Amino acid sequence: MSRKLLVLATAAVAVVAIAIATRRAPPAPGPVPSSSLARPATAATAATAATDAQAPPPVPTPSDPDALAGLPPEDAEWVLDAVARTGQARELSAEQRRELTAQLVSVRTHAVLERTEPLAVAPQESP
Amino acid sequence: MSRRQMLMAVVLGVAMALAIAAPATAQIQITQLSSVDASGRCLIRPTGGATLYARMMAGGLSHAQLLHHASSRLGFGPSPIGPLTVASANDCSTVFVADELARQLASLGAVTDTAQLTTIRRGVFPLTMFDRADLSGALWALRQIQMATSQTTSWEARTSLTFLKTMRELVGSQQLVNGALVDVQLNLDEVMLELWLNHFNIELEKPSYYAYGSNGYSEVLRRAHGGTFTTLLTTVMRQPGMLFYLDNQANLCDPVTGAASNQNLARELLELHTVGVGPTTGLYAQADVEAMASALCGWNVVPWTTPMATGHPGFVFNGMLASTKPLTILGKTYPANGEARVTELLTDLSKHAATRDALCKKIVARFHAPSLRTAAVDACVTAWGTTGDLESVLRALLQRDAFWTAANYRTLQRTPIELVVAVARRLGVKLTDFASATTKSNLTETPFQPAQMGSSPDAIAASLATLRGAPPYKTIRDLLARIELMLGFPRLKVPPPSGYPMDGAAFLSSTYVDDASRLGLEVASSLNLLPDRTDLSSTAERQSLDAKLGSATDAAAIEWFLEQRMKLGNVIPSSSAAGFVLAAAHVDIVTAVIGATAAWVVHVNAPTVARSSDTLLGLMLGSAYEMWR
Chain A
1 MSRKLLVLAT AAVAVVAIAI ATRRAPPAPG PVPSSSLARP ATAATAATAA
51 TDAQAPPPVP TPSDPDALAG LPPEDAEWVL DAVARTGQAR ELSAEQRREL
101 TAQLVSVRTH AVLERTEPLA VAPQESP
Chain B
128 MSRRQMLMAV VLGVAMALAI AAPATAQIQI TQLSSVDASG RCLIRPTGGA
178 TLYARMMAGG LSHAQLLHHA SSRLGFGPSP IGPLTVASAN DCSTVFVADE
228 LARQLASLGA VTDTAQLTTI RRGVFPLTMF DRADLSGALW ALRQIQMATS
278 QTTSWEARTS LTFLKTMREL VGSQQLVNGA LVDVQLNLDE VMLELWLNHF
328 NIELEKPSYY AYGSNGYSEV LRRAHGGTFT TLLTTVMRQP GMLFYLDNQA
378 NLCDPVTGAA SNQNLARELL ELHTVGVGPT TGLYAQADVE AMASALCGWN
428 VVPWTTPMAT GHPGFVFNGM LASTKPLTIL GKTYPANGEA RVTELLTDLS
478 KHAATRDALC KKIVARFHAP SLRTAAVDAC VTAWGTTGDL ESVLRALLQR
528 DAFWTAANYR TLQRTPIELV VAVARRLGVK LTDFASATTK SNLTETPFQP
578 AQMGSSPDAI AASLATLRGA PPYKTIRDLL ARIELMLGFP RLKVPPPSGY
628 PMDGAAFLSS TYVDDASRLG LEVASSLNLL PDRTDLSSTA ERQSLDAKLG
678 SATDAAAIEW FLEQRMKLGN VIPSSSAAGF VLAAAHVDIV TAVIGATAAW
728 VVHVNAPTVA RSSDTLLGLM LGSAYEMWR
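In the order they appear, the protein sequences are chains A and B. Residue 41 in this note's numbering sits at position 41 of the first sequence, with consecutive numbering throughout. Each number in this note's numbering corresponds to the 1-based position in the second sequence with 127 added.
The hints are simulated quantities; they were obtained by calculation from the structure and are not laboratory data. Remember, it's a predicted structure, so these values are computed and weren't measured experimentally. Check each hint, because a few of them may be wrong.
Unchecked claim - Stretch-level coverage of chain A by chain B, calculated; a stretch enters the list once three of its residues show a Cβ under 8 Å from a Cβ in chain B:
no.	stretch
1	76–88
2	115–124
To be verified - With the Cβ distance kept under 10 Å, some of the chain B side facing chain A (calculated, not the full set):
no.	residue
3	Arg-270
4	Trp-282
5	Leu-322
6	Pro-334
7	Asn-427
8	Met-447
9	Leu-591
The C-beta atom is built at its ideal place from N, Cα and C for all residues, glycine as well.
Turn these sequences into a full structure, and let the hints guide you.
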């Protein structure tokens, strides 16, 4: 192996290692403790979320498990984590994991769409 | 056979013969309200509503007051349309109301729209006509092609459900009889549906695609509130609209600990929908909420983008997400048996005594003055039974004298929704005006079908633009804007799970009263958007009043208009046989204002007699009087 190749290989390993090290932890599932927290978001917070959102992700096709790639990273991780934990504990088959993935992707996609491109928008015409 | 036995046999035989020979008693028709004898007694007697009639008559109210009371509490306020009006109330109108009320009690949850209302629906709110799954799938497909059209179509799908609900309240009690429009004044189905929609409130915007269409959330509840509370609760808790609104689609149980990730639905199910108290009252604790949330893991929605057969309920129990542990809730342990556990839990909750008590208080508060509620709640509790038979509960409440007494008459404040609808009805809003305007706007054909949405977004956008420009659409949207202003939220878009206050007194403020004071004029202006209408704010009616004002004293003209046109009955205190009487102070105000043109509603170009009718409408319908029901 030439010295140049060795340097390239080392750099590649380093990039992968950094990527793994900086990978965001999935949101920890847990009970929602407060009734006030349990209320749906207000229009104001929803508007803030929409304003904060970055460019919309590619539109996924949630009935297809491959659509996972269309979700933003944190949402995809949420799905992966849920499927992995449930799959391991319940000893789900590959087919069951696919079904579960599709279900959770759809759930997550709805939330993603809402915070990027709202599902419903009032017409701009004057009343 | 003894002599006594023989006598009994003869009596029995005669009774049977009479029963066989007697012709079936016909129910009174709305065209027969003048069938009274010299003493004022109706020649046609109540049939299905005989018990109700007896209770109504025992309460001590006049026939006019009885009709006003029934139309205000069991409908959305009196209308001057047809022969059944406060002004012409008599014993026959009370007989009719009793029979009609019995009929409406028996058909709760099974009411169908009239042909004219269906015409309006197909033309003006077409997106309410389609299956939710079809509509959602089409919206999703449209989204891939043209985002903006999909978004406005989705908005239209939600908004049109509020249009439909409001239209049913405005004119749902009207129908054509022998070609003439009549109003039966009662609209119990819509009154109760509003109560249940608010009890199980969801903000339709959040679940969006999960709640639209002919079998969307509000329409499903419309079909489910005529049975038992157990059925109603079970139906609601399987609605994807409710599940998504309270985030249960994202409620996952930790596969190891069984802890739920979201308690929203569980908490509101206990606190708002059933037992009705918080977890600090001693009835249950936070642990019960957490256990309930665990039980609801896997109680989920079918992804709205998944192709679904027509009529698919949208609900799915996903066993992979469910808790596998036994759970103890309100002192009872439920084994981990999947979907059956939740069904059992919902049934138990619906039958819980605290649920019965909470629901009885809520229903009674809708119909009874505060001073009458304790006894009414007792009657409700007795009628509730084991499953909460909702028809029996209502029947029990309405068959008590107390409901029909002066102590219960005009003692409750209207909510903003009721107020706007009541004012429009008082003005004489007509089903036929909306229907003919729909036809004239060429909206009789449904402009699009879900199947077309994915292929022709521009055509959809054009159809929607046409729809929004049509007079009947603008009129109903204008009325809803009035409701939104006073309610604080658009209809069916009230954010808190607890809904809006159904006690209209909760809205009272100086701003609210100020807004209410202009409702008569503003609602009249909304109706002005309908061409060729014949309600009391129409040009023809204004000209009639103006002519009368020019040829008679102000007071006589006022009385003529209120009694003859608005059919309010004996509205001036000096009249005999009080039926619907203005407070003396209010009459003074009306007389003073109508007699001083300087005080008339400011109309920059013409503060003349031409505006007197508007002034009068504003004073009458925007007054504090109209805020009571």
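For each hint, the structure was consulted:
Proximity of the stretch 76–88 of chain A to chain B, defined as three or more residues with a beta carbon under 8 Å from a beta carbon of that chain, is established by the 4 residues found. Residues of the stretch 115–124 of chain A with a Cβ under 8 Å from some Cβ of chain B number 7, which satisfies the need for three, so the listed coverage holds. Taking 10 Å as the C-beta cut-off, the interface hint given for B:Arg-270 holds, the closest approach to chain A being about 7 Å. Interface hint at B:Trp-282: satisfied, since its Cβ lies 4 Å from the closest Cβ of chain A, which is below the 10 Å cut-off.
For B:Leu-322, the interface hint is violated, the least distance from its beta-carbon to any beta-carbon of chain A being 22 Å, above 10 Å. Residue-level restraint check for B:Pro-334 holds (minimum Cβ-Cβ distance to chain A is 9 Å; threshold 10 Å). Because the smallest distance between the Cβ of B:Asn-427 and any Cβ of chain A comes to about 7 Å, under 10 Å, the interface hint for this residue holds. Given the 10 Å rule on beta carbons, the hint for B:Met-447 holds: about 5 Å separates it from the nearest Cβ of chain A.
Taken as an interface hint, B:Leu-591 checks out: its beta carbon lies about 7 Å from the nearest beta carbon of chain A, inside 10 Å.
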